[in-house]
Amino acid sequence: MSDESTQRNLILILARDLTSRLANPAAVIDAEGTLVYFNEAAEPVLGRTYAEAGELRAGAWAAEWDPRDPDGNPVPLEELPLGVAIREGRPTHRALTITGGDGVVRAIESTAIPLCPREGLILGAVALFWERHRVGGA
Amino acid sequence: MRATIWGSRGTLASPGPETVRYGGQTSCIAVELTDGTLVILDAGTGIRPFGMSLGGASPSRVDLLITHLHTDHIEGLRFFTPFWDPSVEFRIWGPPAPLRNLERRMAPFFAPPFFPVHLRNVPSRPTFHEVPTQPWALGSAVITAELIKHPGPSVGYRIEEAGRTLAYLPDHEPGLGADLTSIASGWISGWSLARNADVLVHDGQYTTAEYESRVGWGHSSIVDAVTFAQRADARRLVLFHHDPLHTDDQLESMLMEAGRVTDTSMSEIELAYEGQVFDL
Chain A
1 MSDESTQRNL ILILARDLTS RLANPAAVID AEGTLVYFNE AAEPVLGRTY AEAGELRAGA
61 WAAEWDPRDP DGNPVPLEEL PLGVAIREGR PTHRALTITG GDGVVRAIES TAIPLCPREG
121 LILGAVALFW ERHRVGGA
Chain B
139 MRATIWGSRG TLASPGPETV RYGGQTSCIA VELTDGTLVI LDAGTGIRPF GMSLGGASPS
199 RVDLLITHLH TDHIEGLRFF TPFWDPSVEF RIWGPPAPLR NLERRMAPFF APPFFPVHLR
259 NVPSRPTFHE VPTQPWALGS AVITAELIKH PGPSVGYRIE EAGRTLAYLP DHEPGLGADL
319 TSIASGWISG WSLARNADVL VHDGQYTTAE YESRVGWGHS SIVDAVTFAQ RADARRLVLF
379 HHDPLHTDDQ LESMLMEAGR VTDTSMSEIE LAYEGQVFDL
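Keeping their order, the protein sequence lines are chains A and B. With the numbering used here applied, the first sequence covers 1 to 138. With the numbering used here applied, the second sequence covers 139 to 418.
Derived from the structure by calculation, the hints contain no laboratory data. You may find that some hints are simply not true.
[What the hints assert, rightly or not] Among the chain B residues that face chain A by a calculated CB cut under 8 Å, a handful are:
#, residue
1, I281
2, L285
3, P289
4, G290
5, G315
[To be verified] Here are a few chain B residues that sit away from chain A, every Cβ distance over 12 Å (derived from the structure):
#, residue
6, T209
7, P224
8, K287
All of these numbers come straight from a predicted model, not from anything done at the bench. Glycine is no exception: its CB is placed at the ideal position from the N, C-alpha and C atoms.
Just need the whole structure built from these sequences, with the hints factored in.
As C-alpha cells, this is what we get:
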C-alpha cells in the first residue's frame, strides 16, 4: 500500500478529483485493488468516513464490508464489480449486500469501470454504487 | 549538464518590442549532457534558432522529448536544421495516447495541406518512441516522464545526471481540482517529477486574477506554480510558458506577485528568458 508521498498516476488523481465532486457514492481502487479513495457521498452507504478508513488493501476492504450476493453468499473480491474491472478490464454491474462500518446491512447496486489509459493497461477502477434499501443490522 | 532556454513563450510565438527581454519564441530547451548527448525539450519555435546556432554542424544523434502535441511545442520542428540532415539519428519521444501511436498523431503536421513534405520523406527518418513508464537512460542522464494535468495526453520530464536534477513541466495545472496547500503530496500531479529539483521549469502563465476565468485551460497561476514548487521542495523555480499577451513589464509584475507568496524555503524564483543557461 502506498504512503502519502507515493506519486499516484494521473489517471487515479483525475478519478479522485472527479469523484470528490460527485453526489453519487463512488470509490476508487488502484491496479493492486487497494481502495485509495471514496467520496463523501459514499460515507453514509459504507457507514464510515474516508478520514477514518484511509486506504485499505484489497483483502482488507473486502473483509471490512463483507460483500454478499442477494442470497447471502459471500462474494469473493475477484467477483465484485471492482475486482472484475481490474482483473478483466471491463465494466460490470452487480447487486450486493454489504455491512457498513456502522453495523447496518445495506442492499446496494454497484457498477464498476476499469481505468485504462490505453489498451491492455489497467491502472485501477472506479465504482459508482447506491443503496437500494436497508435489510437489517444495528 | 547545461540547459539553455531557446523559447519560453506559451501558446503562440510573440515577437516584438514588448517581449524583447524574455523573448517571443515558444517552448524549447536544449540540454547538453556531460557525455555530449543532446536532449531537446520540446520543439516550439525556439528550436529554429537553436538549430541555426549549430552552424551547420549537426549532432550525430538528437533525442527530442516532447511534452505534448499542442502546436506551440512542435511547430518549430519543421524548421530545425538537423531534422533535414540524413546523417542524424533523430529520435522523438512523447506521451502515449489511448488509441493512436505517437507517429500517427504527429504525421498530420507533416502532410498537406498543412505542410508540403510528408513525414515519411523527412531525410533524418525520425523514429518515434512513447515514453516508458519507468525511468530510462539517455546518454549519461536518467530521464523520467509522467503524465501530468493538462488537456490531452501530456507529460512532464525529470532529467537527472550526477546528482543534479532539472524538472520540466511547461504546461501544467496541478491546482485543478486540488488544494495544493493541503492535499497529500502523492496526489499532486507531477509532484515526484519536481521533487527536490535543483531547477524546476514550470508553467506560470496567469496572474491570480486571470486564472479565475481560465480554470481548466491547462495552465497555472503564479500562486499555484509557487505553491507547487514549495510542496516539491524545488530549489529554484523558473516560471515558464509566458502568456503571449503579457509584455515584459507585465511579466515582471507577475514575478513580484510570486515573491509575495513564497516562503523562505525556495532560494530563487525567476522568469525564464531566451538565452538563459543553467549549469547543473
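Comparing the hints with the structure gives:
1. I281: Hint violated; B/I281 Cβ to chain A Cβ min 16 Å, cut 8 Å.
2. L285: Hint on B/L285: holds, closest Cβ of chain A at ~4 Å, below 8 Å.
3. P289: violated, 11 Å
4. G290: violated, 12 Å
5. G315: B/G315 check passes; min Cβ-Cβ to chain A is 4 Å, inside 8 Å.
6. T209: holds, 22 Å
7. P224: holds, 33 Å
8. K287: violated, 7 Å
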